[in-house]
Structure formats: structure tokens, C-alpha cells
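*Asks:* So the protein sequences, as listed, match chains A and B.
Numbered according to our numbering, the first sequence spans residues 1 to 370.
Numbered according to our numbering, the second sequence spans residues 1 to 257.
Derived by calculation from the structure, the hints in this document are not laboratory data.
None of the values given here were measured: they were computed from a predicted structure.
Virtual Cβ for every residue (Gly too), placed ideally from N, Cα, C.
There may be inaccurate statements among the hints.
Below are the EDC-like pairs computed for lysine to aspartate or glutamate, each with C-alpha atoms no more than 16 Å apart in a straight line [what the hints assert, rightly or not]:
#	chain 1	residue 1	chain 2	residue 2
1	A	K200	B	D186
2	A	K200	B	D91
3	A	K200	B	D48
4	A	K239	A	E292
5	A	K247	A	E291
6	A	K200	B	D15
7	B	K195	B	D48
8	A	K126	A	E312
Some chain A residues close to chain B (C-beta under 8 Å, calculated; not the full set) [unchecked claim]:
#	residue
9	C68
10	F91
11	P183
12	L187
13	L207
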Amino acid sequence: MARELMKGNEAVAEAAVRAGLAAYFGYPITPQTESLEYLSRRMPELGRAFVQAESEVAAINMVYGAACTGHRVMTSSSGPGISLMQEGLSFIAGTELPMVLIDVQRGGPGLGNIAPSQADYNQIVKGGGHGDYHPIVLAPASVQESVDLTVLAFDLAEKYRSIVVVLSDGSIGQMMEPCELPPMQPLKTSFPDWAVSGAKGRERRFLTSINLNPAMQEEMNLRLMYRWQEVEANEVRYKEYYMDDAKFAVVGFGSTGRVALSAVRAARAEGIPVGLIRPITVSPFPSKILEELSKRVEGMLVLEMNAGQMLEDVLIATHGQVPVEFYGRMGGVCVLPEEALREIKRLVKGPLTTTGHPRDRWLNRIAKKN
Amino acid sequence: MTINELDSMVYTRPDSLTEVSTHYCPGCTHGTAHRLIAEVIDEMGLKDRTIGVASVGCSVFAYNYFDTDFVQAPHGRAPAMATGVKRVYPDRMVFTYQGDGDLASIGMAEIVHAAARGENITVFFLNNTNYGMTGGQMAPTTLPGQVTTSSPNGRDVETQGYPIRTAEMLAKLDGASYVVRRSLHDPKNIRLAKKAIRTAIEVQMRGLGFSLVELLSICPTNWGKTPAEALQWLEEKMVTYYPIGDYKVHPAVAEMK
């Protein structure tokens, strides 16, 4: 199929349509609004459901209702809107329903701004709603990857009866790039045996997240956790670049991972033996890969557009076996390739340590500079 | 009517209700409302095309009592969830069953916008002037001066505001097709309530848009009254503040009859 030049948010929307999206519910918020606008034209054209909801609270609950029917459903939003959706997301997790959420992150906290950020890592990856649950979280670094991961998101959501989040950011959502769209899949015509549809010729079904019996609720909790172990065993995805002979490793996800790749290439051109690990699934996190890596590299550098949220997962995975350094930009400021290269050189130069916290060293460097 | 026919006319449980005892308190009108809705679903032959949406409050377990497909919404979000179900299955009968704390307080945005969109769903709104499940706190519908566990000196409108007349308010919206208030305090009103429930569901099945029946209800346990006293209080106090009536009947609905 031919490649088309598309804006990230529109490409994701069309990818969802082609993945068999039956119903979309959303609310305008920059920098994801183009998905909503695109689908407001595209879904009715195909005779599929589209509603611009009165709020993100309503949008996620419309998704909840439609997800109860087993159809492919999705919403998209950004920071403040995602915060409003946490109640609904927890209920959806508690009802074990498949759904896809596109989070185009922006600067925060609060109203923040509309520039790219990765500061919602903890909120999304750690499951910002109440109760014990894990969403599957996919982090694209390009428009093409956003398209591919959106299609994958629907498949994983159904396979594990799970929330799947495509954790993007304002730069990927707003940027135009050539991409190849997937083939058009037909809408589903058969639905799982838990889905409601009207009890025609069968026992009635009901879907709820309430369970007043703590022992039975615990059984449900355990079921979710065992299912999560399956996800951890089967669905970890990451990309590695220049790692074969690398003595140092950079770890970055999403658009920061992409910036890091430019810096790694520049470092390689200067003969620095550095490689890159870019987690595609930030949940489940590629912990085993990083643990293995921690035994063979001399140091790691974590790059993020936040104050070191994924950093904590890297530290848990490597548990002090390797020195880790951190560099981040916040508030909607992107890490630039030359900054990343500078940090790689700092890492290589040392001194390296496994004591203290990389975040403190990073903050101290900034404080000293000012 | 022959003797044989009379012999077969017994008071039976509607097919659309499951054969279990409810968790509702003795004398509570939730049972009455459930039965009326189930009877109408039976009479209209909709049992296998119905998807109900339960809310948060005493009726959170409504799905245990209706023998139809059901989902259960977060607090106040039933109209949004019903929207999601209905947009995917436009030919099913989708209804929400909500109390006054759920619908008129935390869920006010969802109900207003579902009505404004003319969402083709039916809402049964049980108004018993308090939060029943959490033990009788003040609701947006609590009457001025009414004592509840969170208005121990009686609702003071100066500091706690005025009750909301939901049916009247939603009737102002162009998207609402059928909005009425009925009461469950005596047999005559119960029969009128059933008629309104039937009309509301007919409105939906004919694709005429948003329908809502507010049902004035009692909460003997939290009101600290016997069921008989509670019914009397409803008739004397609630009907005065919340008049029974048709607040919106779209011309297309009026023609329907």
C-alpha cells in the first residue's frame, strides 16, 4: 500500500477505523483534537458511532457502555482529560473490558501547556485509577509506529480483556510524516460470551465492577494479576539499536527514544560504543532485558521528558548492578539531540556510581549551573 | 368473563423479574417501580431486546432483579453509559434506573446532555429526597427544612440551597421528547405511573428521542417513618413541591396515542 503524508493524530484515527473501530467517544483537548475532528467526519461516513461527549467523564463512560457490547471502542485525550477519565478507566478495568485509549501527552501538572511531555508515565503505566489493575501501555516514537501500535492495541485489548493505552505525546500527535496505513478490517460480527446485546435465546448477562464480598473480590483481583503475569510473559516489546558491542546504553521511550537514537548515531560517529534500548511496551516494562543488560554494560543513561518516572522502573530492573544516570526536560520542553549527546559523553567520561539517586545528581547539576 | 378465565387470572411475577428477594427495605417503592417496568417490558415483548443500566445507590443491584441484560454504571454516569450501549445497538431498548443523588447531583451533566442530545434512551428517575444507600444524607431533592443525617437541623436553604425540580428543568431542553413526573404513593398513581413508563418506552422504540419518568418514592428507613406514614408524607409534602404532571410531551409523542 502507498505511503501517505499524515498528521499523527489523524493517522491514529484512520488506523483505528481500519482496525474495525465501531464506536468513538471523545472530547476536544489540545494536542489530540485532530483525532476527534477526523473521526467526526469518518465514522458517520461509514455508518459507525461517533459522539462528541460533554466531558471526558462522559466520554469514558460512553466507551464503558459500548465496551460492554464487545465492539471495538476507543477514546483519545490528553493530561487533564485523562485525569478526568480515571474513574471510568478503573471501572472498565474492574469489569474486565477491552478498550483502547490514545493519550497524547502535554505539559503539566494542572492545565500546564499544550507542548509535548512524558509526564503522565506514572499516571498511565501505574494505572491512575483506584484499585489494583495494569493497563497495557504502548509507546510510539513516530507516526508510523502510532499507526501500527493502534492496530496492535485493539488486538491486545481483546486478547487480554484489558485497557490498552497508546502513550503518545504532542510532538508525535502534531507532526506530519509519511506512513503506511493498515488494510481495512471488517467490523466484528461475532462477540464474546460475556458481552451484553439483549438476552435473545440465551441466559441474561450482566456486567458490573461491584462485589461486596471481599473474598470474591479478591478472587477477581487474583484473576487480573494472573492475567497480567501472562501479559508480562508474552507481550514485552522493545527495540534495540547498536547494542551488540555497546559498553553504554541509553534508555528512552516514545519521542525521547527517537531523539536519543539521533544522539547515539552521532556518538557512534565519534567512536563512542553506545547503544539504545527503546521500550515499546512501557507496561509491561522490559525489565528482564534491562537486568540482563545491567550485567554487561558499564553505565546507563535514562532520557525522559519528565523528572525521571520511567527511571524508577529502570532502577528497579537493574537494582544497583550498573551505574545509572538521568537527564530530563519538563514542562513541555523536548530533549534535543545535542543535549542527549552531551549527556552520553558525560556518562562515558564518568565518574560512575551506584550510590545516591540519579535524579538528585541531575537536579544538583541544574542547580549548580544556575 | 367465565369462571375458568377468572381462575387463571392470578397475580404473577413478571417474566422480566428474576425470582429472588430484593435487598430493598420493607415498604420501599423501588420494588413497585421495578415491577412496573418489568410488566411493561413483558407487555411490549422486549425482554430479549432490553439492556438496562444500573446506577450507584440503593438500586446498584437492580441487575440482580431484572431478568434482562444489564450493565452497572459509575455514580451518575448511567446516561453516558446508556449512550454508549445505544449508539452501538440502536434497535435495543436501553434504559437507566437512577436515584436522585445519582441523577440530580453527581450525574447532572450526564443527564442534561443525554437529554439535550435527544439520546434515544429511557430514564427512570426515582426521587426519594435523600441518599438512601449511604444512610439518608441530604440530596439535591431534599425539601426545605427536611431533616437528614447531613442536614440535622433541617435543610437550610440559605446555606444548603434549594431543591432541584429535575423534570421541569430537563423539560426545557429541545432534545427531550417525553418528560413527566408520577408518584408511587397509592394504587391510582401507581397505575398512572405504569402508563407513563409504557409511553416512555414506546417513545424510545419508535425512535422519538429522550424520555424520562420521574417517580416520587419513599424511603421509610431513612425518613424514620413506617411505610404508611412515609406514603402519607410523600403525598402531603413531596407532591406539593414536586407536582405530578407532564412537563414535556413532544407533538410527535402526543400524536403517538
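*Asks:* Would you mind marking each hint as holding or not holding in the structure?
*Replies:* So, going through the hints one by one against the coordinates:
1. K200(A) to D186(B): Violated: K200(A) and D186(B) sit about 35 Å apart, past 16 Å.
2. K200(A) to D91(B): Cα-Cα ~13 Å, so holds.
3. K200(A) to D48(B): holds, 5 Å
4. K239(A) to E292(A): holds, 15 Å
5. K247(A) to E291(A): holds, 15 Å
6. K200(A) to D15(B): OK: K200(A) and D15(B) at ~14 Å, within 16 Å.
7. K195(B) to D48(B): Outside the cut-off at roughly 21 Å; violated.
8. K126(A) to E312(A): Holds - the C-alpha atoms of E312(A) and K126(A) are around 12 Å apart, at most 16 Å.
9. C68: Check passed: Cβ of C68(A) comes within 5 Å of chain B, closer than 8 Å.
10. F91: holds, 5 Å
11. P183: violated, 23 Å
12. L187: Since the shortest Cβ distance to chain B is 10 Å, the answer is violated.
13. L207: Given a least distance of 5 Å, the restraint on L207(A) holds.
Comparing the model with each numbered hint stated earlier shows that hints 1, 7, 11 and 12 do not hold.
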